[in-house]
Amino acid sequence: MTDTALRDKARYSFGGDEYLFVEIDESMSLEGYFLVGTLAAAVEAEQIPGITDICPTNASLLLRYDPDVTSPQALQEKVQELEVGVRTTSSQTSQARVFEIPVWYEDPFTSEVGQRFRDNHQTPDKTDLEFAAEVNNLAGAQEFIERHHGTPWMVTAVGFVAALPFMYQMTPRSRQLEVPKYLSPRTDTPALTVGHGGCFSVIYSVQGAGGYQMFGIAAAPVFAPNSPLADFQDSMVLFRSGDIVKFTPVGEDEYRDIQKQCEDGTFRYKRTDVEFDLAGWTADPETYNAAIMEALDGTAD
Amino acid sequence: MALLIDEPGLQSTVQDLGRPGYYNVGIPVGGAMDTLSHEIANLLVGNDPALATIESTYTAPKFTVTEPTTMAVTGATMEVTVNGETVAQWTSIDLAEGDSVTCGFATAGTRAYLAFSGGVDVPETLGSRSTYSLGKIGGHQGRALAAGDTVPIGNRTAGSAGRTLGEDLRPEFSRAITARVVLGLYDHLLTADSIAMLTSTEWKLTPVADRTGLRFNGDQKFEFAPRTQPFGAGSNPSNIVDAGYAMGSIQIPGGSQPIVLHRDAVSAGGYAMVATVISSDMNAVAQLAPGSTAVFESVTIDEALATRADRAQRRSKIHEALS
Chain A
0 MTDTALRDKA
10 RYSFGGDEYL
20 FVEIDESMSL
30 EGYFLVGTLA
40 AAVEAEQIPG
50 ITDICPTNAS
60 LLLRYDPDVT
70 SPQALQEKVQ
80 ELEVGVRTTS
90 SQTSQARVFE
100 IPVWYEDPFT
110 SEVGQRFRDN
120 HQTPDKTDLE
130 FAAEVNNLAG
140 AQEFIERHHG
150 TPWMVTAVGF
160 VAALPFMYQM
170 TPRSRQLEVP
180 KYLSPRTDTP
190 ALTVGHGGCF
200 SVIYSVQGAG
210 GYQMFGIAAA
220 PVFAPNSPLA
230 DFQDSMVLFR
240 SGDIVKFTPV
250 GEDEYRDIQK
260 QCEDGTFRYK
270 RTDVEFDLAG
280 WTADPETYNA
290 AIMEALDGTA
300 D
Chain B
0 MALLIDEPGL
10 QSTVQDLGRP
20 GYYNVGIPVG
30 GAMDTLSHEI
40 ANLLVGNDPA
50 LATIESTYTA
60 PKFTVTEPTT
70 MAVTGATMEV
80 TVNGETVAQW
90 TSIDLAEGDS
100 VTCGFATAGT
110 RAYLAFSGGV
120 DVPETLGSRS
130 TYSLGKIGGH
140 QGRALAAGDT
150 VPIGNRTAGS
160 AGRTLGEDLR
170 PEFSRAITAR
180 VVLGLYDHLL
190 TADSIAMLTS
200 TEWKLTPVAD
210 RTGLRFNGDQ
220 KFEFAPRTQP
230 FGAGSNPSNI
240 VDAGYAMGSI
250 QIPGGSQPIV
260 LHRDAVSAGG
270 YAMVATVISS
280 DMNAVAQLAP
290 GSTAVFESVT
300 IDEALATRAD
310 RAQRRSKIHE
320 ALS
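In the order they appear, the protein sequences are chains A and B. For the first sequence, numbering that gives the first Met the number 0 assigns the number 0 to the initial residue and increments by one for each residue that follows. For the second sequence, numbering that gives the first Met the number 0 assigns the number 0 to the initial residue and increments by one for each residue that follows.
Next comes chain B alone, as it looks inside the complex (with noise of 0.2 Å):
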């Protein structure tokens, strides 16, 4: 069984849960950029969460089926049709021989998920399908889909057809959100204005949002206290002697537009973290569209993970109702 892309979308590139491990030699995590859309397109087809779908930003691939399969498409709002006709999304469906499916574009989030049953079957590489494209590794030879591409699927496991998710139990698309930050890692480089204003403006985000990190934009500049920079930092008071990243780790390179790191970003580097939007609220900020806004709200670590329970109630209720 396989797909035969017709269009490819923009941007759509396979993953899965992601490739921990290798950070230490600057291979990011990777995976899908809202792991519980993910896990809910996986779950609708019969799926073990961690086998691989296709993630799509504002538009999906249009393809054909050599073979008979179950499909679900989770995540951003948008149109699907097979052979023409509207079918729902957050449920499976059968797909026969010859099948034709298209994607319009999203309405509500960014990041769509397509997931088939028996996943999308391309080889893993150090342990996980995920496309990382920088390095050129993963996925489909290593790069987002392209016209003409025939990317294999696992075999179909019967009977997961009509599955649905009901609608209290999908996340929701906002373009008003709060995201979560624990402040840390360098936060005491910043004056404490410079922390207030980071923890009470309204962020409007830029067209520059990719798996890489999503760039906010706001009206005023942060300031650095001024200090002796340490030995091998360089110059900049933003600048810090080159450090491990945290994803989710907000920084603010050019001293005016925070950037969030996202699940493909750079491993290291020599500009100060500030905060870390805790992981309940990743998902959330993957699926913001550019000119939405989020508010960075600071929490401590206890309530980080208070909220990370609440979040595994939520996806056990999920599994429960897919069982």
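This is chain A alone, in the form it adopts within the complex (with noise of 0.2 Å):
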């Protein structure tokens, strides 16, 4: 796909003397996203002194380290030794989860606050999914919301605040949903919103702030400290980078027994593992895709 095609060499710039950061495209795509993730992973076994944290994000990384241990200039030159390497044994594989996540789209939580924003909205007198709808040249917040889940995402960052991914719909670049995020922030967003900015939905961890449009409420946490929850019992934080999501559509009848079975610590996610291939899901993104549903689908809950 030469839409997608990347630059050859990274750019790498000093964020102040602890931080390096690498570039490995302006624009976002899945193979970029798949060379930041090698990259990192080359980055970590390497196990290079004094870096402390290893972040990649959609298409870069962002390093933090100890230069009293590891010189500034040292790092960016084994950084860009290990780039080399990763661009000519790059594997385009991955083992990837995939998690289907209950979403209540046109929700009245969403709703309400989105119109308490409307001052700070591209369009006051629509709705966040009549807008998207609009400037994605779709007939309406129905056919939005249709092509929304149609596909599955790949959560190609976590970050922003805890746990919150970053998803990349799983489609080829000329299908992809873009929406303008909102003119200027707002000061709340409900926990748990399905929010789309660029081309990247999100679910908002946690309660704040945010500018992304607001289409919907997942039924399930996605950050739970102490949580009775099995899908938390290793970590706090429900995704990591390389997951695949499977938005379904819930009515309220749905999305109240989902909260009920969280408050009553009895909820799983349903989820499975596949091998993701880049190489096999670029030839024929449909039949991927498809293939990837079945997987899931044939989970028993």
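To be clear, the hints were calculated from the coordinates, so they are not data collected in a lab. A few of these clues could be false.
[Said to hold, decoys possible] Result set (DSBU-like, lysine-lysine): computed pairs, CA atoms no more than 30 Å apart in a straight line:
#1 Lys269/A <-> Lys135/B
#2 Lys269/A <-> Lys259/A
#3 Lys220/B <-> Lys135/B
#4 Lys220/B <-> Lys203/B
#5 Lys77/A <-> Lys8/A
#6 Lys259/A <-> Lys61/B
Predicted model, so just to flag it, every value in this text is computed and none were measured.
Given two chains presented individually in distinct reference frames, assemble the corresponding complex, making use of the accompanying hints.
Written out as structure tokens, the structure is:
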């Protein structure tokens, strides 16, 4: 796919004396994301002394390090070496966890907050969904919602606030949903809001400020410290980079039922594991996505 | 041993040296905003610098101690009293059971650090006692202190009262600072004029200044060079494909007010970062009060490292003085 060709060399830049920034590409693509992930894994495997944080994020990698242990220049040289290596050997397969995420689209919680912040929005007389449909040349909110949950998404970064997943839609660039952010950010966003900005969808893990368009609300948590829920026994953070997400629309009754299961501590995400192969996906995204969904559907609840 | 909080002060949180290693899941570095004042407070009471203190903004809590302990208050200048009698800052003092401590309003600097022998003994979350309020983890029940709280303190190690740090070794809190920055990350998106403006203007701190970041005001508008926006970045020329944010990095979301991200900042986002405050000047930035000014002086990475070495030397002098 020529529209997602990457540039040959990453751009390196220092963030003060403790951060090294590696931009694989200016544009977002799954090819770029995979290279970021492989480079992050190579940096981790190298166990370079002094590195405290390795943050792969969409199309770039941010490293925090102690310059008293490894000098900035030595670190950059080392990572550049690793970059050359991963470009020749870069694996484009990954073991991916697939999650079904129940979402109540057009829910009253995000609608109420959306109404409160109409002055911050491009189209005060329309809802976020109506606006998103319009800028993507779709007939209306329903068509946008169908396109939103019609294909799976890949978690290409976790961050902003604790545990928040950035998700990239697993569809060719020409079919991607792109929406601008609010003109100025809201000071409030309900926890578990499903939002969208640029080409990324997110699930706001906690309540707080935010500038993404709001489409609905997820029924179960993605960040849960000290939770009895089975999905949070290994980590208080649900998602990690490389996970695949399938949104499933639910109505009010099902939403409330899941909420109750979460309160009772009995809720479990429907999930499975697949091997994801970027070349296979690129060759035929539709068939590839269908196979992933089949694997998820074959999983008992 | 515990503190009984009568009045919580403003945004008083338990902090240590932070929670590295979780930035890739969006959990910030956290920890004391002014790490040096935090460290000195610990040294004064005989603690390892990694133990937790209470960080307060503008004014510190009023509290009563349940058992004898040793305390030191560093950071922002404020009147500290024990049972109504003024005591010295930057000095460790013994407290007896039932002693009541109050703190006045900051007259220089903004953040005070209260250390107790044995450290603030809240449980560790992900390897740190730092409070991350947004995520409701760490510290005292994942939040700022409130009236009526009982805050656990570790066991006292005897014989540390009466230590004091000489004035020449104390940090100075000025209302006009120079914060050195390394240009980079996405500075190439700005016009040359705007970079010159960033590094020459005297920026005034707005009241929007907290643990996540500090927003400065100038009179002029930044200009981003025109370009075709890359796919996924968003339509504004200041937008980038969401990337990891360096602590100390400067972004200009509205086009006119630079924001310096601090220890509880969001870990990633889609606004171009154009420079990063060097680690040695982050404590001074943390202690700025609204209305104070900062000049972001551009330095090279090697100058940043030289400054870091000077600062390390000064820290070892402080350690020697308090050992």
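Which numbered hints turn out to be false for this structure? Those not satisfied are hints 3, 6.
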